[in-house]
Every structure is written in structure tokens, then in C-alpha cells.
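As given, the protein sequences belong to chains D and E, one line each in that order.
In this text, residue positions in the first sequence follow this note's numbering: the first is 1, and each later residue adds one.
In this text, residue positions in the second sequence follow this note's numbering: the first is 290, and each later residue adds one.
Any given hint could turn out to be false.
Unchecked claim - Cut-off 27 Å, straight-line C-alpha distance, at most; resulting in silico cross-link-like pairs (BS3-like, lysine-lysine):
1. D:K106 - E:K767
2. E:K826 - D:K196
3. E:K785 - D:K118
4. E:K792 - E:K826
5. D:K227 - E:K767
6. E:K785 - D:K90
7. D:K106 - E:K826
8. E:K826 - D:K227
Stated by the list, open to error - Among chain E residues calculated to face chain D with C-beta under 7 Å, some are:
9. H715
10. N718
11. P719
12. V722
13. A762
14. G763
As the list claims (entries may be wrong) - Incomplete in silico selection of chain E near chain D, CB under 7 Å:
15. L724
16. G727
17. N765
18. S783
19. F787
Hints listed in this document are in silico derivations from the structure and should not be mistaken for laboratory results.
Cβ coordinates follow ideal geometry from the N, Cα and C atoms, glycine included.
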Amino acid sequence: MAEKKIDEISGVETTGHEWDGITELNNPLPRWWLYTMYLCILFSIGYVIYYPAIPLLTEATKGISGITTRGELMKELAAAKASRAGLIAKIEEASVEEIVGDTELKRFALSAGSSLFKVNCVQCHGSGAQGAPGFPNLNDDDWLWGGDLDAIYQTIAHGARYEQDDDTRTSEMPAFGKDELLDRNQIASIAEHVLKISDFEYDAEKEKEGAPLFAENCSACHGVDGKGNSEFGAPNLADALWLYAGNRQAIIAQVNAPKHGEMPAWNSRLGDVAVKQLAIYVHNLGGGQ
Amino acid sequence: MAENAGATGTIEKIEAEAVNSKEQRELYVARKKVFPKRAYGTFRSLKWWVMGITLGIYYLTPWLRWDRGEFAPDQAVLIDLANRRFYFFFIEIWPQEFYYVAGLLVMAGIGLFLVTSTVGRAWCGYACPQTVWVDLFLVVERYFEGDRNARIKLDNASWSREKIFKRVAKHAVWLFIAFSTGGAWIFYFADAPTLLVDFWTFDLPIVAYGTVAVLTFMTYTFGGFMREQVCTYMCPWPRIQAAMLDEDSLTVTYNNWRGEPRNRHAKRAIAAGDTVGDCVDCNACVAVCPMGIDIREGQQLECITCALCIDACDGVMQKLGREHGLISYATLRDYNENLALATGGTSNPADINPITMINIVDMASKKKAKMASVVPDVRVDKVAHTTLRSIARPRTMVYSAVLMSIAFAMLAVLVTRSRLDINVLHDRNPVFVKLSDGSIRNGYEIKVLNMIARPRKFGVKVEGLNGAEISFAGSNEKMGDSFTISVAPDQLQSTKIFLSVPKDQIDKAHSNFKFVVNEIDGEENSFYTAKFEAPRKDR
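Construct the entire structure; sequences and hints are all you get.
What follows is the structure, given as C-alpha cells:
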């Protein structure tokens with residue numbers, strides 16, 4: 001280095017850097033700062049030895065601790081799983097009714113069911129279980145296949161019209177128009193009758209024609225008064241709720257060529273415990289019987 | 290003449306430097322240690338009392354008991370973070386009542402204005418923890434190492450067995466005090482007796498030990514090593530307080546109109562015909578100063594107004610047979626008046642013709658009346674003396690009035706506050722559900738807060754919603770328009786309910802109604818205005 005330059009005013013050595021006549025003083029670093037830096041260096045040596053630290057070509061140095069963030073996560077997940085094991089075992093043993101009878105089990109099942117629902121069910125039934133045309137609203141008191149705990153459990157476990165499951169809920173309404181079981185006028189008359197029992201405005205003359213046709217073709221499944229039958233998944237036609245839509249056009253379309261909902265069987269996918277938890281959650285949404 | 294010289298000769302002339310005054314503090318120069326000398330006098334006694342009381346409050350408060358019945362802790366002052374409750378004797382505060390704490394902070398702010406504008410930096414000088422603990426640490430230091438001169442000597446001495454013993458003993462006691470201080474802190478946050486046992490059986494969470502360790506370290510370094518630097522460099526308080534002083538605030542003042550020109554050899558100077566003030570330049574005021582400043586340089590940021598220099602100077606004046614108060618609590622207004630009097634109106638310190646104040650009574654009794662300046666100065670009668678009247682003035686009155694009105698308002702709110710509350714959360718997804726008979730159902734989470742430490746029963750009733758029927762999740766049973774719940778002592782009870790209204794009773798999309806909660810076997814009640822949502826008619 002060249003000779004030392006001393007700032008005249010402060011008497012402090014300068015770094016030799018100068019900008020427009022302003023020189024930079026070479027004051028010593030504050031002692032506390034320097035010691036803190038030395039401490040940090042010491043700490044970093046220990047850190048590099050203990051933890052994974054230096055990235056190499058394919059992977060980083062492992063460190064003597066063997067700690068990885070993934071490993072930590074796995075540990076935490078295992079711990080969470082272990083903490084739930086007792087309750088899960090109890091739920092495995094108990095029936096849905098017994099679970100609901102036990103305050104602690106019920107609370108556990110409800111919160112588990114809530115998160116299971118958000119992962120597996122909201123795609124069709126909606127985030128608030130409010131449903132959509134063709135996908136039932138699970139909050140209301142209208143159930144295609146029954147709304148008590150056991151019926152809900154059964155439906156979730158085996159699904160509806162799900163061919164891979166032998167115990168699945170199955171029924172099929174004939175396509176009265178498409179398969180030419182009834183002609184257009186007859187279907188239109190039946191629709192008027194359905195409008196009548198649902199308290200909608202209807203054509204009285206056509207309805208007179210439709211009533212006997214309904215009794216003949218529909219009442220076997222939907223009942224004489226049209227109130228449906230959850231044994232066959234036959235919807236209640238006399239209430240205010242509609243799976244597709246409650247108007248003349250939609251009713252005619254459904255009688256002509258019915259649409260059928262499908263739901264997978266969940267016990268083969270999620271297991272019995274999860275299905276029980278889901279059944280209790282759905283039953284608790286407000287419509288459970 | 291020789292006798293006179295002897296009179297002032299009894300005053301010890303101390304070689305003391307104001308090492309912490311602004312002129313002495315250069316950048317990049319290590320701090321020079323301050324070795325405060327023990328002071329004796331009125332203000333020192335007052336400080337002992339304040340120290341005893343404040344330390345007593347800090348260490349003993351967590352151990353006070355207060356019976357709240359079987360359902361609440363019996364610790365008089367407890368910040369129960371885990372359960373989110375704050376207990377202060379007969380007051381219990383829930384998190385949503387935190388505005389009381391906000392109110393207290395407002396009061397503390399106004400109190401700061403009031404105290405500072407009347408008695409200056411009294412907080413700094415007497416009650417600040419930094420001042421109190423440094424004082425306590427100095428007691429220990431003095432006990433092991435002696436007073437100022439002995440400590441300076443020891444500090445300069447090379448290491449010997451004696452020095453090692455004294456230093457180890459001092460630091461051991463300091464660490465003990467620091468540890469007790471840090472340890473006492475955690476007792477405010479849990480049941481103190483239980484905590485004390487658990488602390489030594491190592492059953493406490495690591496955060497408790499961490500807190501104690503950090504506070505121990507801070508007390509030790511702040512009280513033992515950093516001392517006046519905390520006030521000079523770290524604390525924002527002096528800067529804020531300086532802005533609140535006015536010319537009627539009490540400050541520790543060196544009355545140069547009386548003391549200057551100072552002279553170490555007053556007798557000789559008088560004999561030579563020089564003008565001499567009351568200050569004999571003995572440096573007693575500098576030696577006792579815990580902040581390491583010279584009050585004679587005037588008001589300065591470093592001064593915490595602990596008034597120990599007043600005690601020191603009064604002792605000297607007593608021996609000299611002069612009136613006390615060469616250094617005194619005075620207002621700037623009085624000081625300026627007296628300075629004008631002493632300078633004949635110019636107020637320039639260079640023009641001071643000192644108004645020396647001989648204690649006539651004392652002089653007569655001790656027959657020291659031969660002193661040269663025994664002829665009383667005629668201006669003495671005109672000297673303005675600062676009295677308590679400076680406390681009562683419009684500014685302090687306004688502060689007091691504001692402070693009192695906030696205090697009374699808070700007290701009124703506290704006394705009349707309800708110990709029962711209800712909160713209602715409306716279901717958002719879905720907002721409403723249509724049922725098979727066409728009626729509309731809404732869901733609500735009802736939270737009833739029983740803020741008393743005993744179990745209570747309440748009735749919750751729906752008011753102002755025609756045809757409303759309550760039902761609970763998981764059941765179809767209709768419960769009418771009311772239900773009762775039991776709430777555990779000092780707890781919140783959350784209940785999920787559904788409310789359904791028949792189709793023909795619904796006339797608008799949004800209906801306001803009330804959930805009214807009434808105490809059964811009691812008088813408290815509360816309500817919450819909620820909304821019932823239904824589909825719009827045109828859909």
C-alpha cells in the first residue's frame with residue numbers, strides 16, 4: 001500500500017478514496033460489532049458441521065445431525081397421527097349412532113368430517129354442501145336415499161349407481177319418451193299433474209288426463225301422492241325442492257329422458273373410519289333425520 | 290484572616306470530573322466510569338423510600354392473594370395469557386375489554402404531561418426502574434468496595450487477592466439481584482407459589498427459563514455496567530420529556546446568580562478584593578452525580594434530576610454557614626428573575642455580581658460572623674424563591690382535569706359494565722337453505738359469555754321474527770323460539786342453532802331481529818341484532 005494519508009481535521013487515517021474532495025475516514029469498526037461478527041463466524045462453523053449446509057452438485061452436505069426439513073415434517077405428521085390413534089380406534093369399533101352419542105368422539109368426527117368433506121365432496125356438492133342442479137343440497141331435509149345416520153353412511157360408503165360396488169344404491173327411471181313408452185301429449189299431461197301436486201300453476205284440463213297416467217306409470221316408485229320413496233331413490237315430487245329444476249320444461253325433459261346422478265363408493269377409497277366421519281358431518285349440516 | 294481561611298478549609302476539595310457531560314464525550318473514545326459518591330440529605334432519604342416502595346411493589350405483588358371463589362385463580366394480580374384473562378384485585382378483564390388498558394395508557398400519557406410540567410423529570414430521578422436498580426447495585430458496590438475514592442483506587446489497582454475477592458463478591462450479589470428481578474417477572478403470568486416450585490423442579494416450559502435468563506442478563510448489564518449510558522443513549526424518555534418542560538417546571542438548578550464567580554480560595558480572593566460567590570468549587574455536586582455530569586453547566590439532557598447534588602451542596606453550605614439552595618429545585622422563571630437581579634438586568638453570566646446568602650441565624654450562633662461578606666446583601670430580600678405555587682397554574686390544572694375526567698369515565702364504565710355478553714355469527718355458506726316444505730332456514734353460531742366466576746344459566750330468545758322455530762344440528766326437533774343454556778364459570782359457551790321460518794311468514798330478503806339473552810335466577814341481560822336471510826321474491 002502507498003503511504004498513509006491522514007485527514008487533517010479529524011487526524012484519522014483515510015482509506016485513500018476520494019469523491020469531489022471528500023475523503024473516506026478509515027475509522028476502526030466498533031468493538032461490539034466486531035465481536036458480534038467473530039461470534040457469528042464461530043456459530044456458522046458449528047452450523048455447517050451440524051446441519052445440512054453446503055450445496056454440492058447433486059445434493060448438499062448432510063451434517064452430523066442428519067436433520068432434513070422433510071424428515072421434520074414426517075416426524076410431526078407421525079406425531080399428529082399417533083395423537084389421533086386412540087380416537088380413530090374407537091371410531092373404528094363404534095357404529096355411527098354410538099359415535100354421535102359420545103361427545104368427544106362426535107366432536108372429533110365432526111372436525112375430521114369437515115376437512116374430509118372439503119377435500120373429497122365439495123367438487124360436486126359445493127363448498128357449503130349447498131349442491132347444484134343434479135347434485136343434491138345436503139343442508140336441506142330432502143333425501144333421495146334417506147336422511148338418517150345409517151342411510152347417509154350407507155350412501156357414502158357404497159355410492160349411487162356406482163358399478164364397481166355391489167351394494168351401491170341403484171335405481172333407474174325409464175325414459176318414457178325416448179323409449180316411446182308414452183307419447184308427447186301423455187308426457188305433457190303427466191307434467192301438469194306433477195305441477196299440481198307441487199303447488200305450481202297448471203293446466204286443469206291436461207291435468208285431468210295426466211292424473212291417471214301418473215297413477216299408472218309413476219306411482220309405483222314415486223308413490224300415489226308423489227311423495228317419493230327413498231328405498232328406490234325416487235325423489236319427492238310434491239315438495240318445494242328439485243334436484244334439477246322445478247318448472248314445466250324441466251319436468252317434461254326428465255320424464256322424456258331422465259338424467260341420473262352418480263356417486264362413487266367412498267369406503268374403498270377413504271376407508272370405513274373416514275366414511276363414518278363424513279356421514280356424521282353431513283348428518284349434522286342441518287337436514288339429518 | 291487565618292481563621293477565615295480555616296473555615297473554608299474544612300470543606301474537602303474533590304477532584305471530580307464530569308466525565309459524562311457532552312463536552313467530555315468524544316466519539317470513538319471508551320466510556321469513562323462514573324464513581325458516584327454516597328450522598329446524605331433530604332432527597333437521598335426520599336430516594337431510599339421510593340426505592341423501597343417500588344422494589345417492594347415489584348417483588349411482592351405476585352404473592353398477594355385475592356379470593357375469587359373456587360372457579361378463578363386467587364392471585365391478586367395475574368396476567369393469564371393462556372386463558373386470556375387479566376386479573377387485578379377485584380377487576381377481571383377479558384380480551385375484548387382491552388380498551389381499559391388503552392384507557393390506562395392514555396392516562397399514563399396525560400400523567401406524564403402533568404408530572405413533567407410540574408416537577409420536571411421526577412420519573413427519571415426517582416421511580417424509573419433503571420434509576421432504582423442502579424441505586425440498588427450501587428449500594429452493593431459501596432458495601433464491598435467502599436465509597437468513591439476507595440472504588441477509584443481499587444479500579445486502578447493491579448489485580449490482587451483482595452481485589453479479586455471484592456469483585457467476585459460484588460458481581461455475585463449483583464447476579465443474585467438480577468436473577469431475582471428476572472425471576473419475579475414470570476410470577477405475574479402464572480400462580481406464583483406453584484410456579485416457584487415448578488421452577489426449581491425444572492417443570493416449566495423453556496420460554497419461562499428463557500425469559501428469566503434474558504431479564505437476568507438485562508438487569509445485570511443495565512444496572513452493573515451500562516448505567517448512565519442507558520439514560521444518555523438508549524432512552525427516548527429524556528428527549529420526549531424535555532419537550533414538555535416549560536419555564537414553570539421544577540428543575541434541578543445551579544443558582545449561578547448566587548454562586549459565581551466560584552473560587553476555591555475564597556478568603557484569599559476576598560482579601561485581594563475580588564468578587565466571590567457562594568460556590569467554593571468543592572466539586573461535591575459532581576462527585577455524587579450518578580450521571581457523571583456537572584450541574585453547574587446548566588440544564589442538560591443527561592441530568593435525571595435525582596437531586597443528589599442538592600443534598601451534597603446543602604451539606605457544604607451548612608458547614609460554610611450559608612443558606613441552603615445554591616443548587617436547588619427551581620423554575621426557569623425564578624432563576625431568570627434572580628439572574629437579572631444579580632446582573633443588574635443584563636442576564637449575562639459574565640456580569641454576575643453574586644447575591645451571596647449567609648445564614649444569619651447559624652452565623653450568630655456559631656460566632657463565625659467575622660467572615661468578610663457578613664454584611665447581608667440588600668438584594669437578598671428581592672430574591673425569588675420557588676415554592677409549591679408553581680405547581681398550580683392553568684396548564685397543570687387542565688392536565689389534572691383531563692386526567693380526572695378520563696379516570697372517572699373509566700371508573701363509571703368499569704362499575705356499570707355488563708358481565709354477560711352475546712355474539713352471533715351467521716352462517717355464510719350457505720347463507721340460507723330452502724326446506725322441502727318451502728320454509729327457509731338460516732344457521733347461527735351463538736356465543737354466550739359468562740364473565741363471572743360462577744356457573745350461570747341463561748335463556749336465549751328470538752324476538753322480532755315471526756314464525757321462527759329453533760332447531761339444533763343433527764336433529765329435526767323444533768324447539769320453539771327460545772332455549773336455555775348453562776355456561777361454565779368465566780367461560781364462553783358456543784351453540785350452533787338453526788332458525789327456520791315458514792314460507793308464508795317471509796316477506797323480505799333481509800329481516801333484522803334480536804337474540805335476547807336473559808340470566809335465569811338473575812337480572813343481567815343482553816341482546817344481539819342479527820339478520821335472517823331469504824331468497825329474493827322475484828327469484
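Going down the list of hints, with the structure as the test:
no.: 1; hint: D:K106 - E:K767; verdict: holds, 22 Å
no.: 2; hint: E:K826 - D:K196; verdict: holds, 21 Å
no.: 3; hint: E:K785 - D:K118; verdict: holds, 20 Å
no.: 4; hint: E:K792 - E:K826; verdict: holds, 11 Å
no.: 5; hint: D:K227 - E:K767; verdict: holds, 22 Å
no.: 6; hint: E:K785 - D:K90; verdict: holds, 25 Å
no.: 7; hint: D:K106 - E:K826; verdict: violated, 38 Å
no.: 8; hint: E:K826 - D:K227; verdict: holds, 26 Å
no.: 9; hint: H715; verdict: violated, 13 Å
no.: 10; hint: N718; verdict: holds, 3 Å
no.: 11; hint: P719; verdict: holds, 4 Å
no.: 12; hint: V722; verdict: holds, 4 Å
no.: 13; hint: A762; verdict: holds, 5 Å
no.: 14; hint: G763; verdict: holds, 5 Å
no.: 15; hint: L724; verdict: holds, 5 Å
no.: 16; hint: G727; verdict: holds, 4 Å
no.: 17; hint: N765; verdict: holds, 6 Å
no.: 18; hint: S783; verdict: violated, 12 Å
no.: 19; hint: F787; verdict: holds, 5 Å
When held up to the earlier numbered hints, the structure conflicts with 7, 9, 18 and fits the remainder.
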